[in-house]
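> Kindly generate the complete structure, drawing on both the sequences and the hints.
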Amino acid sequence: MAVMTYLQAISDCLRQEMRHDKRVFLIGEDIGVYGGAFKVTQGFQEEFGAWRVIDAPLSETAILGGCTGAALVGMRPVAEMQFADFVSCAWDQLVTVAAKQHYRAGTPVPIVVRLPSGGGFSGGPFHSQNPESSFAHIPGLKCLCPATPYDAKGLLASAIEDPNPVLFFEHKHLYRRIKDEVPEERYTVPIGKARIQRAGEDVTVITWGAMVYTAAEAAERLAAEDDLSVEILDLRSILPWDKEAVLESVQKTSKALVLHEDTHTAGFGAEIAATIAEEAFEHLDAPVRRLTAPDTPVPFAPALERAFIPQVEDVVAGLRDLVRY
Amino acid sequence: MAIAREAEPVSSLHEVREAGLDREDLLGMYRSMLLARGIEERGHILYKQGKIPGSYYTGRGNEAAAVGIATAMGPDDWGTPLHRDMGVHVVRGLEPWRIFAQFMGRADGFTKGRDGNVHLADPRLGLVAMVSHLPAMLPVAVGCALAFRIREERKVAVGWFGEGASARGDCHEAMNFAGVRRLPVVFICDNNQWAYSTPTHLEYACEHVADRAEGYGFEGVVVDGTDVLAVYREARRAIEKARDGGGPTLVECLTLRMEGHAVHDDAFYVPRELFEEWAKRDPIERFRTWLRENASLTEQEEDEIGSDVKRVLADAVLRAEASPQCDTESLTEGVYAEPEELDTPHHK
Chain A
322 MAVMTYLQAI SDCLRQEMRH DKRVFLIGED IGVYGGAFKV TQGFQEEFGA WRVIDAPLSE
382 TAILGGCTGA ALVGMRPVAE MQFADFVSCA WDQLVTVAAK QHYRAGTPVP IVVRLPSGGG
442 FSGGPFHSQN PESSFAHIPG LKCLCPATPY DAKGLLASAI EDPNPVLFFE HKHLYRRIKD
502 EVPEERYTVP IGKARIQRAG EDVTVITWGA MVYTAAEAAE RLAAEDDLSV EILDLRSILP
562 WDKEAVLESV QKTSKALVLH EDTHTAGFGA EIAATIAEEA FEHLDAPVRR LTAPDTPVPF
622 APALERAFIP QVEDVVAGLR DLVRY
Chain R
535 MAIAREAEPV SSLHEVREAG LDREDLLGMY RSMLLARGIE ERGHILYKQG KIPGSYYTGR
595 GNEAAAVGIA TAMGPDDWGT PLHRDMGVHV VRGLEPWRIF AQFMGRADGF TKGRDGNVHL
655 ADPRLGLVAM VSHLPAMLPV AVGCALAFRI REERKVAVGW FGEGASARGD CHEAMNFAGV
715 RRLPVVFICD NNQWAYSTPT HLEYACEHVA DRAEGYGFEG VVVDGTDVLA VYREARRAIE
775 KARDGGGPTL VECLTLRMEG HAVHDDAFYV PRELFEEWAK RDPIERFRTW LRENASLTEQ
835 EEDEIGSDVK RVLADAVLRA EASPQCDTES LTEGVYAEPE ELDTPHHK
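Same order as they appear, the protein sequences are chains A and R.
For the first sequence, this note's numbering begins at 322 and goes up steadily by one.
For the second sequence, this note's numbering begins at 535 and goes up steadily by one.
None of these hints come from the bench; they were simulated from the model.
All C-beta atoms, glycine included, are put in the ideal place defined by N, C-alpha and C.
Heads up, none of these hints are tricks.
Quick list of simulated restraints, FRET-style, between CB atoms: (1) R:Asp610 x A:Pro460: 27 to 37 Å; (2) R:Leu865 x A:Glu634: 39 to 49 Å; (3) R:Glu867 x A:Arg497: 40 to 50 Å; (4) A:Asp501 x R:Gly588: 52 to 62 Å; (5) R:Leu736 x A:Ser409: 20 to 30 Å; (6) A:Ala545 x R:Glu863: 51 to 61 Å; (7) R:Glu687 x A:Arg340: 14 to 24 Å; (8) R:Gly588 x A:Ala622: 44 to 54 Å; (9) A:Thr586 x R:Leu865: 26 to 36 Å; (10) A:Pro511 x R:Glu875: 14 to 24 Å; (11) R:Gly703 x A:Thr617: 25 to 35 Å.
Covered stretches of chain R, as calculated for chain A (at least 3 residues, CB under 8 Å): (12) 639–648; (13) 671–683; (14) 701–710; (15) 859–870.
Some but not every residue of chain R turned toward chain A, in silico, with C-beta under 8 Å: (16) His653; (17) Ala655; (18) Val662; (19) Val665; (20) Val714; (21) Pro873; (22) Glu875.
Written out as structure tokens, the structure reads:
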């Protein structure tokens, strides 16, 4: 085991996959000579060459269309969106071409798209979004949102092995802030399986990405101040998502809060809340609550952004309210 | 002022032989053109009979362009043909009965009823099934070429688009990337002068779509898309140049869409005189005349080829009509690929 940041775990996985399988190549803007906007691929071009770590022109469409074409003829492309926000430019390639190809034509499209997402550092409306819910609505795609270095490395390896287009949302606010012990050898984490971040009895928080840490801090505080036992379920993957784990936890605690950094209306939390209502209604002692960002673009000014992103105190208040119901 | 080179017509048999075609190849191309048109005509009848759901598209007038390009491709090359390019599917060897089954939404269609009409391809023959967002296929063709370049294979990708599609960003993005990296890809513009009801002067402001190639750092060439031999010669040059590391070429095949956008459209907006003028240059008639004059095509050969095509079509329609309807139990199957589907050949 080695201690790695979330970012180092992602780099480590990419390096191992590229050494392990010559079909894997990386393509993105400024990923080669510069090593990527966040330096995830620093030093890669020296090791693997300019044709396996490809500096693309500023065109998300060319990058993701290029990945699809290369995958159709036997490669295993891994694309980097410089920021998740820019994936909107390549919507057609992902949603129209890649996602529907297998259902229509029977040909697998094994591509991975890495999407540095999320806010917390005044990135403003175009460098802070969490667009995972938009893609979770598209049959044919898979959407992963790891929270820990261990999961980041293992899920990325699974994504590269997967025969489908996989969107890998890596939360920028975790890149250098979160460190943990990670195996140095190659391993995989199964796609579609949630992880219990913290076991509890009184209430369940269902979340993913950076919000796992916000929930964990809130749970600590509630344990100390209110003697509350909070269970935190880290979904890790939202398409497919681990419905069984969610229902099992809700059956145990009878109260559920769905927490996400993405905006409210038609966010993925709505899908989870609806499923709990449909399938675990008789186990509930309170309505399912959603705690999310409001329905606005992500604001720039620090005070506004802080008010936009759910904070520890919001989760504490939300859980207290839910427990009192 | 045009920038692209305007290709000369092909005249003599000698010239054709120099381009790498023998008499048998020529007769094969003629047969492919007849078969492509025949498939579309039979399909139109089936459509009128109510046997084909949805909408129905033909490529009448584009047979020479499609067959000429596909004949110039190598067996291991890949392509992303569109809805006017039935000739490409025919040359690559798609089975006509499965094309009819596709039109009819049957279980033996290439997409098993998941998609319809010309959204078809056989990946085993190096073709990728198109989407309706036509220019979106160009970055995919460039991606095939990128893989060939990474693996240092002598293969070429061919990407098709229309002059309507040339108005969209992904057309530019694909060509720019291909030009920057000198990828082994050839772009084919099926310029049939009408994008649904929109004429060329409302789609682009340069003289030729192929003029744009200059801006991407590669050659553009305009060719008469009703002259199968000229199309073949230009495509072959472009494909072999790409294969030899010379980078992309944009080949614009100028034709007229001889029918509506789809069969529901009577194309009232196209001037009658234009149809009359281009009808005189019907690609099949034109090639037949050339073959008679330059390659001693006999009436007997013509009859043999014509009857063979008719027989193939009749058998294909019968077989397609016998193909089962899609099982609704399968509705949700195949959204995701399974790992065992991934054992594609590759170069470690």
